[in-house]
Each structure stands twice: as structure tokens, then as C-alpha cells.
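Listed below are the residues making up each chain.
2 protein chains.
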Amino acid sequence: MALHTVLFDVAEKPVQVPTGTLLSEAARLAGVELNQPCGGQGRCGRCAVQITSGMVRRRSTLRLSPEDVALGYALACQSVVEGNVAVHVPPQERIERRLTTDRTVAAVHAPPGYDPHRDQSLQRVALTLPPPSMDDQTDDWNRVLRGLRQTLQRSDFRVSLPLLRRMGGILRENDWKVTAIVDAPRWECCPDCPCRLVDLLPGHVPDDAPLWGVAIDIGTTTVSLWLVDLISGRVRAQVAEYNRQIARGEDVISRIIYASKNNGGEELRQLVLETINELVKRACTRARISPTDIHKATVAGNSTMMHLFLGVPANSIRLAPFVTVINEPPLITAEEAGLNIHPYASVDCLPGVASYVGADITAGVLASGMDDDERLTLFMDVGTNGETVLGCNEWLVTCACSAGPAFEGAGVFDGMRATKGAIEEVWIDGNTYEPTYRVIGDVKPRGICGSGLISLLAEMFITGVLDKGGHLHLGLNTPRLRLGAHGPEYVVAWADETEHGHDIVITHVDIDNLIRAKAAIYAGFTVLANSVGVPLDMVEQVLIGGSFGKYINVEKAIQIGLLPDMPWERFQFLGNTSVQGAYLALLDRAARTRVHDIAGRMTYIELSADNSFYEAFTSALFLPHTDLHKFPSVAEALVNGNEQRVRG
Amino acid sequence: MALHTVLFDVAEKPVQVPTGTLLSEAARLAGVELNQPCGGQGRCGRCAVQITSGMVRRRSTLRLSPEDVALGYALACQSVVEGNVAVHVPPQERIERRLTTDRTVAAVHAPPGYDPHRDQSLQRVALTLPPPSMDDQTDDWNRVLRGLRQTLQRSDFRVSLPLLRRMGGILRENDWKVTAIVDAPRWECCPDCPCRLVDLLPGHVPDDAPLWGVAIDIGTTTVSLWLVDLISGRVRAQVAEYNRQIARGEDVISRIIYASKNNGGEELRQLVLETINELVKRACTRARISPTDIHKATVAGNSTMMHLFLGVPANSIRLAPFVTVINEPPLITAEEAGLNIHPYASVDCLPGVASYVGADITAGVLASGMDDDERLTLFMDVGTNGETVLGCNEWLVTCACSAGPAFEGAGVFDGMRATKGAIEEVWIDGNTYEPTYRVIGDVKPRGICGSGLISLLAEMFITGVLDKGGHLHLGLNTPRLRLGAHGPEYVVAWADETEHGHDIVITHVDIDNLIRAKAAIYAGFTVLANSVGVPLDMVEQVLIGGSFGKYINVEKAIQIGLLPDMPWERFQFLGNTSVQGAYLALLDRAARTRVHDIAGRMTYIELSADNSFYEAFTSALFLPHTDLHKFPSVAEALVNGNEQRVRG
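Sequence order for the protein chains is H and R. Under this note's numbering, think of the first position of the first sequence as 1, with each following residue one higher. Under this note's numbering, think of the first position of the second sequence as 1001, with each following residue one higher.
One thing to keep in mind: the hints can contain errors.
Unchecked claim - The calculated lysine to aspartate or glutamate pairs, modelled on EDC-like cross-linking and capped at a C-alpha distance of 20 Å, are:
{"id": "1", "chain 1": "R", "residue 1": "Lys1281", "chain 2": "R", "residue 2": "Asp1207"}
{"id": "2", "chain 1": "R", "residue 1": "Lys1177", "chain 2": "R", "residue 2": "Asp1207"}
{"id": "3", "chain 1": "R", "residue 1": "Lys1261", "chain 2": "H", "residue 2": "Glu173"}
{"id": "4", "chain 1": "R", "residue 1": "Lys1420", "chain 2": "R", "residue 2": "Asp1496"}
{"id": "5", "chain 1": "H", "residue 1": "Lys261", "chain 2": "R", "residue 2": "Glu1173"}
{"id": "6", "chain 1": "R", "residue 1": "Lys1630", "chain 2": "R", "residue 2": "Glu1569"}
Simulated from the structure, these hints should not be mistaken for laboratory data.
Same shape as in the complex, but just chain H (with noise of 0.2 Å):
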């Protein structure tokens, strides 16, 4: 048998093994340690390495993208040794930020030949205006008027009141040399419609001078801002902060119920204005400028988020027949809605589609494009309400699914929100059943989160701890497994290696609980193809948005059954595709149009109106599903989890 010599770049000296041996076999002949929380079964990507020269044989690229193995990525569990071979063995933080958020690719740069002269709905326009005298007693607002019109290709401008009481004197201050920052309406734009004057700064502004907006996402959980130059489009900063809703009520419908009761209304706007203008705060700190610099705001979110922000009562969106008081929120100033930017800034809320496919959502389809792209495409956003929107550049449908907070972290027994100290990822050894799992914040861990719990069902399904009910198979032999006091359940962590010194455990009744929430998204995406009669495998690509699908494990959530089995180059992370297209709204008045022809084009399907939801649901409460030829790439590994445990 001939022997091939293997260099590990961190081993002292290169090891000989003959054609066949497994990568991570030589590592451990080199005294290399690599990682294996899934005990070798190409699962987890934690023993992903680079081959710098040389070529080995892949079993198996799960975990790797197109891009990886074209960088010579190879997991070594899975990966033949043929030849000589050198090793590049990347620092384990690289692999796991690469694993986490690598593919997370956030449009923080203006779309391409973006001009803010003509994109930009917010100009800036530098005005000289002759002094008035006897001969010229125009009045204030009609000289700053005719400059404007001498300027800009409009007729028609509105001033406020606050402003008027502003500007005798800015005008005079500064020897009639002043700047107008002027807003252009949303998404009209013939020369007639009226355009409003927003301010008046002392002297010239250079031309190319920072003019600053933001744009906002209210999630339920998280708020981002991005503040940025509208001159150039650069995001200047990006900052987020949980929603100090939170406190009082995890979910939409929590926060409705605290909304409707005594002020609770005003007390939940209040909270998520202290967010918001906290982090604009924070923005502007960052970026060395005034709050009152801020000129424009772009706000999305869920119908929810945007009713409570505008202090609009929701009550409705929770009740059957489920409406929303406003899917279009007209435009406010910054006064009006409470922001502590430019007072007389203009405050764009992005539109909805329904009370449960918000502006979070019509601000995703733009940010991904799909309603430009000729692909069928699977959107999704993946929180409380699985919203989903299936379609291309000529049509879109949408539906949200009311998922349940369980992928949230709620409502199982040691759920936890995506925060420090939970349980994010989880692979277990398919012949010992024992867990290895990451915590964020690398802290001891106090529990679950959502990823984490995706991670831990899919790993336990795969190594057999579980059956495709989501029963436990108590009999096999670890002592993970037992009964405790709320049924059968599978031990996680023990008390020894938590925060809190309690058993970190998922139940049975957990169990049940997620897969009937991945089994209402499911259904959501099946109910989705069959009212346009397309078949699932037609979709040529799935873009998940939403913070929460920046840290889903595709492959672990493909095998729960909660994303629909196709090759990984299909599924892409976008992050935030909120904030992105209340981004590219707030830059862009093209944009923003697409926004509002998005919502309009957008036909909603309302599940519970739906008689076939609920066949489909029921054929999804199965792992991964009651039809696993729908499952092609589980049903595999199904039989190579079998196969290498009987060879284990």
C-alpha cells in the first residue's frame, strides 16, 4: 500500500499513512487536535481545514460552500487521504465565524451608480438670494421660494410653521446665504407634486458633506439603525439594541394584550422611542455628529412593531379577522412620531402587505431582490411568524404562519432568547450520544436558543435519540436519556457545567412544541407553491432574512424538516434584509417605490382561511416530514448515521 506524507502547518513534523486514511485520522497520528463535536460524521464543519497542496478525496462537503471547496476547503472527518498532502489547520475561531456569519453579506454600500442628486429624495441646495429692499419687499418664504424654483426642477414646496418661525432670522443671520435640505414626496415625483422644505442651515454646505439619514428595523426582539451619508451612501454606523419592549411581553402578541390595557399603548411607544433615540445616540456618537443633523428617517418592521412605534392601537391585528388599522402609515415628521433627530425630519414607515407580512417583510423582498429576479424564489423570515413570500419579478405570494414563539426560545422549558449564556449550536457523537455544544459568549450556558434548538433536534433525530414521532428512544444506552419530571427527556448539560447549577435539559413536551411550530412553516411554504400550483423542488433559490436566520444551521433545519431539502448553494443568508431595504428605501427614491409596488403587488394568503393548511401541517409533524421523499438528503444521511454507527 503506498504511503503519502501529510503536513499539518501546526504539527511539529509531517506523518506517512497509506491511501484511504481519513484526514482527521492523520491529525491525530500528527498530534493535531480537531474539533469533532459531531464525532465524525461531516455534520458539524468544526474540522474543516484547508488543503494548501496536494488533493484529497472528499466523502462528503456538507457545511462547505461552493466557495469553500473552491478555497480548498475540506472537512476532515470526511476527507480521503490519495496523495501528499499539506494542511493549512484554521484557528477554530476563524471556522466558527465563518460557520456563523461568513455567508451573512449586509448591503452596507449604495447600490451601484447611485447618484444623490437624482436617487435621493432629500437634496440639499445652496441658495444666495438677493437681499430684499424697496425695490424687492417679497416676503421671506416667497425669496427662499423663488431660489428654490430657480434650483430644483419643482414647483410646488411646503414650509411648517416651526420653521417659518425660524426663518426671518436664519436668513438674515447669514446675509441670505443659506442651504435648504428639501424633501421630495415618497414615491410621487412628477414636478407638481409638492416638495417640502425641511430646513434651512446657516451659509453653503460643501456639496460633498455628509447628508445623514437613518434607517431603521423595529423587531419585535432586536432594533437596528444604520446611519447613513445619503450623499454617498455609506452606512456610517450600525448599531443595534434589543427592543426595550421586551419587558413587557416577549412576542406581538404579548406586547398587543400589555397595549390594550390601562396606557399600556403609550407605554410601549415610549419604550421602543427610548430604543430607538438611544441608539441614535449611539450612531451619532460614532459618526462625531449631531442628533439634529439626522434629516430623514426610513423606519421598517412588522405590523405589530409599526402600529405600537406609531402609537396606533393593534388590537385588531390579534383578533380575528386580523387587520391592521393602517398598512401604509402616512408620512410624520420626527416631531410627530417622537424620534429625536431633525425635528421637521421626514419619518417614511416603510409599507405592509397584512398584519402579519409587515414592512419588515416588503423591506426584505427589496432588500433580496426577488422581485426583480426572473428565479423562483422562497423568502423567508423565520421568528414567531414564519412569513414566507414565493415568487419573482412577475409575481409574489405571501403568507405568515403563526409559527409560535418556540424558535424564539419561549414557551420551552430552558428556551432562551439568542443572548449570552445560551446554547447555540449543539452536535452529538452518533455512538456515545454525548453533546458538545457552543455557548454565546463562550460562558457556561443557562440555556437554549433558537438556533440552538433547531441544532439540538436535528442532531438528535440523526443520531437515532430520537424517532420521526420526536419520540425519545429511552432504551438506548446513555445516561442522558431518562425521565424526569415533565416526561422523557434528553440532558443537554449537566447541572456542573450551567450557570445556574440545574440540568440543562429538552423534553418531551419541548420537543412537541418545535415540531409543530417547523411543521406550521413547512405547511406555510407547501400551502404557498400549491396556490400558485408550483412544485417545492421548482425553487431555485431560498433567501432567509431576519437576525434570527443569520445563525440557522441550513443543513440541521433541512433536517427537521423546518427548510425544504435542496442543494446548499440554493439557500442564502441576507441577515437583516429589514434594515437593508429600509436602507435602500431611505437612499433611494426608486427604491422606496419598489417598496410600495412590492406591498401592492404582493397577494397575501391567510392561512387560517386556508382548508389546505391544515392537511399540510399534519403531513409536516413528522421529522422531517411524513413524506421523506421530500427528504432526499436526510433519508441519505439517515442511512450513513446508521451505517457508521454499526461500523462505530
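Guided by the hints, dock chain R onto chain H, whose structure is given.
Just chain R now, kept in the frame of chain H:
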């Protein structure tokens, strides 16, 4: 010589007198006491009686209108008995009322043909909306929109955030049966112009139920408010009150100065708001409605009052080159303005033309109808600034002359505003030089108001107390003329007749001030007429607006050269034309458009930049004028007066 029987209805028995006897002499013989403060010179009109049978020959009908003459009125001191007559002697109060206010006719009825559905910008729309269902999950706002679009031929409607906050509740609590209050824009009226949803009321309001609006005139001295039912056009209440700003300065200049110091502007804004809000309350109490039932307001007032009302600094109005910050304020809501009516009612401030030709004048022109009249018309509003408009349906020129506050009682030693205790009319006996006066409120006098000063000046001039140069004839045989501490003076009331126990006098300096003031106003007419090349005597009607105008005695104003010398019937007192114009603009969209057009059409002539003004002013610094040919009736009166004095 033939004898005739004269029967006075208040006399015990008839008297017999020969042909040619004055009625006043017959009255004396019959024991009837007639008031003759002017000493029987036919100037005061106080001896007016009504001939109920028979005929008299009227030597003069000064102080009588053609209508009066038609009704049989005659001045006893100017009427000669030529046959048997029966005479009715009206109660003195009725004569006074007729002399002072009878000719003031406020247009308190809607214009003929007024149709609230066609002419009114505020519309009430009864909506019966289909409730939302699982098949129709349209948001509340679009549901309302659908209803509005079906009823009104308009497509674009705007809604305010505060109304959105209440919308869901109102709709559901009233089973989707509501009444929308919709305000169409001011003078835009194409079907695409956005309308504004002002309010949603529970249930259906009957078609003929009142829809409330207020017309407001903010005068420097007095604020007037009319509460109007916009459906019938009927004025339900007319209330007026002193502008509380008076305590901070009596004229616009002192107000502007006060406003520019510390927080003076905001203080003045609050004071006028208090005044208006108090009037709103009073009018609403009278109509038994709530202030929030008022859904629309129209405001007129001079440019300074408008700026102070809006909280816009008025400094530039006072300083050369005298420009306003804004002539045509934007439409605002009552909440923005600070008016205590429905918070989202529109507050429509009518447009002005220049710093000293404000919305009170454009509204006045509208009320006068001169902009739609073929006749050459002179419209004037005498106050601190004599605003004057000359023109017809084809052109309008306007100017304002800084007459100073003399005619408002300021800058005159014993001058005061037209309040209780002010001498408002004076008659001087041509033989004894003894004055008779009327005091507002029938109390002891405290001073002399503007109309009293005009009257006094004219009487002094006609009776020879004063010469045409404005010098007092100290040589006349009366203790009323004397050298006082301030130079020559005439005593109008002795100390024992007055409230404060001091003599009330008019000094040489006062007379100078008054002559300068009247000269400025008359020079304004002259410049206006010259500017368009039209001789003043071609003016076919002189319309006098402003509450001040209500009390002016026309022939006395002519005698001092304040008004041009024309036949009595060409003069018309219109009362408060500013509030009348606001009322018309409140009621009728077309009238509102007309005010806008009037403001746009008026050519403003700045007198301080006009070379001919100084010349015209100098020529007018005489009583009545350097050129007595311009005042033929005065010339005649002077001859008569002299003759009568000689006869006497």
C-alpha cells in the same frame, strides 16, 4: 303771509307758523326741545325728524342718506315750512343709533345660491363600511378610503397620526357606521389634489345638522369671531373682545418691539390665543356646542397680527425695507396654531400683500366686492395705518400710509381708545363756540377717541375756531380758547364735567399730529390715483371698512380733508370687512380662491419709496387741503357757516 299748521307728535297742540319758518323754530314755539349741538347749522344731524304728512323744503340734507330722505327724514334746522305738516320726533337714542351704526350692514347671511355640497371645502360623508372578514382583510384606513372614494369624486386623502390612533376604535365601536369630516384643500380643486380626513364621528349625522366653522379677525385692538354653520351658511354667534395683547403695546410697532425682546413673541402669541379661545368658548356657549365641534377656522388680520398669531417674528415688518416673513401662511391645524377648537381642524390664514397691507385688507376687498365691480372704487381701512385700495374688477393698487396712531387716540394729549368714557362726537355752536359732545357709555368723559377727534377738528374748523393752517384763533370771544401749558388749546370739557376732574383739551400739538395723520392718508389716495393716472373725483364709490370706520362721521372727515370730497351717497360704511371676508372665505371655496387672487392681483405701492408722496403729503397739511377746489362741499359749508354766523 300764509300761516301753516305744524303738528309735532310729542307736542300737546299744533302751532301756526308763516311760510319760510324753520321747523326747528316751529318746534321751539310748540315747546318741543330738539337737540341742536351744532347751533342749527345742519351739521350734526341730531335734530332729524320725520315728516309724516305734508311737505317741507330741505335746504340741506347733510347727515341724511337718500333712504332717510325717502323715509321723510329732514333736519329741523335746515327745513322750511311751506304748508301744513305733521312731524314725528324720534327718540334721541334712535337717532343716535341711526347716525352711528345704522349704515353698518354685516353680511351675516350666506351669499345667494350658496350650496354647501358644492361651495364648502369641508364635507361630511356618511359611511357604512362592510366590516372586515377573513375574505376582506383590508386595513381600516383603506376601508375608509374606499368609502370616501365612492362618495366623493376625489382620489387622494391624507390622514393624521392622531386620527389614525383613534380610527380602529371609532370604526368598531360604531359597527362601521361613521361620518367622515373631510377638508378639501384651499384653492386647489382638481380631483387629484389630496383631501384631508379631519375626523370620524360616530354614526351618521343628519344631512342638515350644522357643521361648524369660525371666521376670525385679529385686529390690533379688537378680535372678532363669527361662529358659522357651514351647511346653512348662517352666522350663529358674533362675538368680539379686546385683543389681550393691548396690555403689551397699543399699536403694531410697539407690539413688534415687545415681541422681539426676551420671550415677548411667545407671550404675545399666548395672549392673542387666550383672547380667541375665550371668544370661541363664548360663541360655543351661545350655540350650545362644544369647541371641538368646530372643524374649520379662517383667520384674517393685518400682517403683524398674523405673524404674532403664528409665532413668527415680525421684526422685519418694522425695519426697512419692511418685508414680512410670509404673506400667505401655510394651512395648519388648530393644534399647531394653539386654537382650542377641534385639534385637527384646518386653520386657514388668509393671504396678505405686504407688511402693511395684510389679510385684513384682502379679506376686506373680498367683502367689499370691489374686485368684481366695474365701478372705480376706493376701499379704505383707517387705523394706525391707513390702508387703501383703489381699483375695480380689472386692476387693484394698494398702499398703506403710516398715519401714526393719532386717530386711535394715541399721541394726542387727551386721546384715548374708543371705549367707555371717550368723547366720540362733538358739535360746536357756530355763534358761542360752546361744544356739545356724546360720550361712549353715556358717562362722564375721560378723553377723546378717534372719531371724536375727527369730529372736533371739523367743528373747530367750520366754526372758525381753527384756520386752514391748523392755528387756533385765540382772539375769539370764548373762555374755551386759551394758552395752556402746552401752548394754545381749546377746552372740550371743563374739569367739573369730567370723570377725572381735569379739563379735557385739544392742544395745538394734537391738532398738528392729527393734520399730519389725515394728510398722510389723503396723500395715499392721491399717490394711488396718480399711480394709475385716474383723477380722484372719478371714484364712483368709497367703501370704508374696519370697526373704526363704523363710527366715522363722513362729512366731518371730508371737512378736515381726511376723506375725498364726494357726494354722501358714494360713501358706504361696511363695518368690519375683515371678519366679513374671513366669513365668506370660510364658507365658499370660490371666495377663498378669490382672496388668493386678490392678494396676487394687488399692486403694492410703497409710499416711502414714492417721490410724489411727500409732495402730496405737504399739500394735504391744510384744512381741508391747500387746494380748496378739491373740496367744493367744504368750501360751501365754510361760506354758509360764515353767513349764518353773520346772520346769527
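Q: Identify every previously stated hint that the structure contradicts and give their numbers, smallest first.
A: 1
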